Structure formats: C-alpha cells, structure tokens
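Line order of the protein sequences matches chains C and E.
Anchor point for the first sequence: position 161 equals 161 in our numbering, and the numbering is continuous, going up by one each time.
Anchor point for the second sequence: position 118 equals 118 in our numbering, and the numbering is continuous, going up by one each time.
Certain hints may be false.
The list treats identical chains as interchangeable, and a pair is accepted whether it falls inside one copy or across any two copies.
Claimed, not checked - Here are the simulated PhoX-like cross-link-like pairs (lysine-lysine), alpha carbons at most 20 angstroms apart as the crow flies:
(1) 81 to 102
(2) 112 to 21
(3) 21 to 111
(4) 15 to 102
(5) 112 to 9
Honestly, the hints are just simulated from the structure, not real lab data.
Keep in mind it's a predicted model, so treat the numbers as computed, not measured.
There are 2 protein chains.
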Amino acid sequence: MQLLEERIKSDGIVKPGDVLKVDNFLNHQIDVELLCEMGREFRRLFDGCQIDKILTIEASGIAVACLAAQYFGVPVVFAKKTRSINIEGEVYATRIESFTHKRVYDVIVSKKYIQPGEHMLIIDDFLANGCAVRGLIDLIRSAGAVVEGVGIAIEKGQMPGGRLLREDGIRVESLAIIESMNDETGEIVFRH
Amino acid sequence: MQLLEERIKSDGIVKPGDVLKVDNFLNHQIDVELLCEMGREFRRLFDGCQIDKILTIEASGIAVACLAAQYFGVPVVFAKKTRSINIEGEVYATRIESFTHKRVYDVIVSKKYIQPGEHMLIIDDFLANGCAVRGLIDLIRSAGAVVEGVGIAIEKGQMPGGRLLREDGIRVESLAIIESMNDETGEIVFRH
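For reference, chain C alone in the conformation it holds in the complex:
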C-alpha cells in the first residue's frame, strides 16, 4: 500500500536490532485518517471472504482493528495481556513472546467472544516472528472457530513470521512488507 510505505519512509526510524519505530503515526500517536485508509484497503483485500469478527491484541492492535472493522461492519475482540479482575468466567489462554518488549505474556480472551464456527480475521500492527499471530490463531482454534485470514499493517519480511504462516496455509495480507532496513543509513526497502 503506497500511502503506508511512503509514511514509513518519511516517518519511520530504523534502530539497531531490526527495530522500526513508527511511534508518530501507528503505535503511540495514531494518524486516524491513515488508519482509515488502511482499513479500507483491508476491506478490499478480504473482499468476498466471510468475516464475522475481527480479533486483535492490546494495545496497539486495537486502533488498526477498530478503524478497519467499521468497513467490515463487524465487532472487534481484543485479546488481553494480563488477567484483569474485570474478566470473569472461562477464558481461552495462550502464551506470546513479544519481539518488541522481549518478554513473554499470558494472553486471554473470554470464551463468550469467540464462538464455534465463527470466521475470524486477525488484524495487528506488526508481524515479525509471528508469535502474536500464532497465539491469536491458537485462541481461535481453541474456540472451534475459523481463521479466515490475517491482516497486518507492517510485516518485517526479513523475519520468518509471515513466510512460515503462509507455508502453513494461512492467508496473510500485509499492507507494507519490509525487505530490508539499515540502521546506519536509515534506508528502508520494501518487498513488492
């Protein structure tokens, strides 16, 4: 998606350790207009698919998922990273290792919000090693629901997450795929 690639080129900051900071439009400050355009593009990419619900994970996935969901006309469910006293009853649980935060999270979703047979679209901001998406797939399959596809804002193509998911037959649509990035020159090359 050209608009997103241009924004990554102009505002993304490459850091050592394959870190791409897009804090000023995606995951701290949010350019809502851009995310609406991204939502329309997800809608176009998954046109004709049965999608009953969108599943994401807190926190920065929520903005991408909610602004996209309005074009699908479906609710969003977000998986939670810690057990809250406000979540009761039975939950599906999985464990996710965050690339960004270098830690392991327990992730839960209430059983009420993924029903057997529902077709779920996973949406998240980043795909790197694929652990978050795999965790969400695990939650969906625990519920007996169907993974209809995965929509990602920025995929780090130099990391194996996207490739391995596609090899497993999961439909992954990423709006921007990074081929390589250089933390000395700041250069970012996209895969097309």
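For chain C, the structure is supplied; the task is to place chain E on it using the hints.
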C-alpha cells in the same frame, strides 16, 4: 446518550464493589458501530471547541478515542502504562491508580506528541474516581498544553471523580452517567 444507556441496561452486568462489566460492547468485545455513534456525539458536544489532538490511555480508551477522532479530523495519542524499549528519549510521566485493576501504574507519553499550546481533548471509556483523567491532565499540563475538555463514555456518578473535575473547572462530557446501580437486582439508574 440514549443509545448507550439502552445498551448498558441490556448488556451491562453489575457486580459487587461498584463494578460495571461492559465487556461485550466496550472493553473486550467492541461494538464498533456503537462507538462510531458515540464519536459523533462527542463531536457534537465539543462543537466549536479548538481541539488539536485527542489523548487517551491504553488499552480500552484507544477504541473510543480512535473511533471518535475520525469525526474531529485529529490524531490520537495514547499514554502508555509501562515503559517500552520502543519508546525512547524524553517522556512526560505520571502515576495513576486504577479503580478496576486495584493497582498503581506509571504512565508515560513521549514529549514529541504533546506540544506546548496544543488544545487536547481527553477521551476515556470510564470515569470513576478520576485518577486516570487527572493523570492525563497532569501530562498535558506538564507539556504546557491546554486541557480543552474531557469526553467519557460511562461516568460512575456515584463516585466523586466527575464532580471533583467539574468543580476544578474542567469541562467533562459523559455520554452516560450512572446515578446508582444494584448488584443484587442488576438495576442501573442513570442521571439526566
């Protein structure tokens, strides 16, 4: 806002300890269509105000803020509850005690995303004791920016947060204000 009150009456669950669970449309599963209507209502309530940016706090504030922001045509900034390795440089910091989670959070926002003189609208899902909103006001004032107002989805009117903020001259607009709720009968009474 009648639509929201009706939804709270039909789907909200009252729990002991002044807990209102609205997990199935506001803070676990998100009814995006309802939140869009709420966003339009915030826009109507703050019509004529100068609003340069919306500030919220992760996680469940993000959905309410982003879906509202599209009607204001401004970006959202969300304050973060933990220090991430992906946030660098200087931040404004404050400390917030969560009513729901019964714990204290350090909350930060990058100095880049609140500029002196900017007019900020705070949006959050709940207002109870007002600690989260006071923390966000603290961050805005640390930046030399202006608190234009506070937009809340559900205010617990039986708790002092909203009253004390209004007494301090802060404009607080809540889409639904709970007068009382009864965890034995499940009855919820709204203030009008």
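Hints, verified against the model:
Taking CA atoms no more than 20 angstroms apart as the test, residue 81 paired with residue 102 passes in both settings, with 14 angstroms inside one copy and 16 angstroms between copies. In this assembly of identical chains, residue 112 and residue 21 lie within 20 angstroms of each other by CA distance solely across copies; the values are 13 angstroms between and 35 angstroms within a copy. For the identical chains of this complex, residue 21 and residue 111 are inter-copy neighbours only, at 15 angstroms across copies versus 34 angstroms inside a copy, given an alpha-carbon limit of 20 angstroms. Proximity of residue 15 to residue 102 under the C-alpha cut-off of 20 angstroms is restricted to the intra-copy arrangement: shortest distance 15 angstroms within a copy versus 36 angstroms between copies.
For the homomeric pair residue 112 and residue 9, the shortest alpha-carbon distance between copies (19 angstroms) is at most 20 angstroms, but the shortest distance inside one copy (41 angstroms) is not.
In this structure, none of the earlier numbered hints is contradicted; all agree with it.
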